[in-house]
Amino acid sequence: KAGVTQTPRYLIKTRGQQVTLSCSPISGHRSVSWYQQTPGQGLQFLFEYFSETQRNKGNFPGRFSGRQFSNSRSEMNVSTLELGDSALYLCASSLADRVASPLHFGNGTRLTVT
Amino acid sequence: GEDVEQSLFLSVREGDSSVINCTYTDSSSTYLYWYKQEPGAGLQLLTYIFSNMDMKQDQRLTVLLNKKDKHLSLRIADTQTGDSAIYFCAEKDSGAGSYQLTFGKGTKLSVIP
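In order, the protein sequence lines correspond to chains H and B. Going letter by letter, the first sequence gives residues 671 to 784 in the working numbering. Going letter by letter, the second sequence gives residues 1441 to 1553 in the working numbering.
If you're looking for bench data, these hints aren't it; they were derived computationally from the structure. Because the structure is a prediction, the values reported are computed rather than measured.
A short, non-exhaustive set of chain B residues, derived as facing chain H with CB atoms under 8 Å:
id : residue
1  : Y1471
2  : Y1473
3  : A1481
4  : Q1540
Restricting the straight-line Cα-Cα distance to at most 25 Å, the calculated cross-link-like pairs of lysine to aspartate or glutamate (DMTMM-like) are:
id : chain 1 : residue 1 : chain 2 : residue 2
5  : H       : K727      : B       : D1443
6  : H       : K671      : B       : D1498
7  : B       : K1545     : H       : E752
8  : H       : K727      : B       : E1445
9  : H       : K727      : B       : D1466
10 : H       : K727      : B       : D1533
Built from N, CA and C at the ideal position, the CB exists for glycine as well.
From just these sequences and the hints, can you work out the full model?
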């Protein structure tokens, strides 16, 4: 079974631009979560989607948004990029059929803002 | 709010056992996880334990949970150079329908040949 796939692997953008990252979950997984990883702050939760609905949101500004499609694929968007948005963005999927369902992560998208 | 603490570095010799420790503050945590991250990669799920368990063993990995002290440890037996990576402890709270994990800052394990 294929794992969580994130595209693209690397992105370089300029301050003020916007970016869209994509995530394809493991087949059959209905929950998709996004995390930001930086050397200073570590891993921080962005949001979680289930059946096309955002169920939970972390403490990030409104410039960070996401959505989930009917096939469970998800995208996240960051508008008006700032230098501090440079990070590894990780997507994780879960069966979400019970509380025990673990999260399985993709290899991430490395975003560099210049 | 929830907090998860880990020591930042651990160095062991190949063949020895490694013990990575983690403490958490959220007494309502239901599941606790260990993930491994190698350079340039995402997080690989190693194992997880339910909060009503004391111990879980999976091949070379042993997880110990002391719920009273909110202390979790991961023991890697016969540590190999391929085990060199960053190890993250994470906890999931008991909120209904919540799949949000709170992670520690990670412990960088270096294995000396």
